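Colleague: Please take these sequences and the hints and turn them into a complete structure.
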Amino acid sequence: MMITTERLTLRRASLDDFPAYAMLFSNPDAMRHISGEPPSTEKTWARFLWQTGGWHHLGFGYFVAIEQSTGRLVGLVGFQDLKRDLSPSIEGTLEAGWIFHPDVHGRGYAGEAATACFKWAKDNFAGRRATAIISPANAPSLKIAGRLGMREFARTTYHANPVILFEHTL
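So for the sequence shown, numbering that gives the first Met the number 0 puts the first residue at 0; every next one is plus one.
Simulated from the structure, these hints should not be mistaken for laboratory data. Since this is a predicted model, take the numbers as computed values, not measurements. Hints may contain errors.
[To be verified] Mimicking PhoX-like on lysine-lysine, the simulated pairs with C-alpha atoms at most 25 Å apart in a straight line are:
no. : residue 1 : residue 2
1   : Lys142    : Lys118
2   : Lys82     : Lys118
3   : Lys82     : Lys121
4   : Lys82     : Lys42
5   : Lys121    : Lys142
Modeller: Quick look at the structure:
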């Protein structure tokens, strides 16, 4: 499974991608709006497995975003269903997410990748509900959600942090 955009190649992760994946998640600036701090290698490995394992059980998961000009893994984008302990519940939805290395922030890669990913999801999961959880302080992601046609439907807390929940019908 591969998606090509103007500047990126989105593909399913392989085990060989884990070192670059772990490097991304070890960056405090990359994790600022996700958990506030980099996870341990153990937690990063668990995240890698759940984000890639969704493909097997759910038919969707996360893509690694490879910068075509360098061949470097610069981010992740995709969907998951984590059955989060969250109210209101988003269980059973395609929960969208994206994370890009801070040294490529401002280049439009996240929006480019998310747009391509949503097109893929519409082609494969038409009529299903997509959701997203975004920190109110994450202005770039809030902007991307809006460009994807996502609309706010709730404000709540998750792990003691305020979050905004978005939704969109594919």
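Colleague: Now look at each hint and say whether the structure bears it out.
Modeller: Cross-check of the supplied hints:
Proposed proximity of Lys142 and Lys118 is supported: the alpha carbons are some 18 Å apart, at most 25 Å. At most 25 Å may separate the alpha-carbon atoms for a hinted pair to count; Lys82 and Lys118 meet this at roughly 24 Å. Only pairs whose Cα atoms come within 25 Å are accepted, and Lys82 paired with Lys121 is accepted, the gap being roughly 22 Å. Annotation: proposed proximity of Lys82 to Lys42 holds, straight-line Cα distance about 17 Å (limit 25 Å).
Under the criterion of a C-alpha separation no larger than 25 Å, the hint pairing Lys121 with Lys142 is consistent with the structure, at around 20 Å.
Violated hints are absent here; each numbered hint is respected by the structure.
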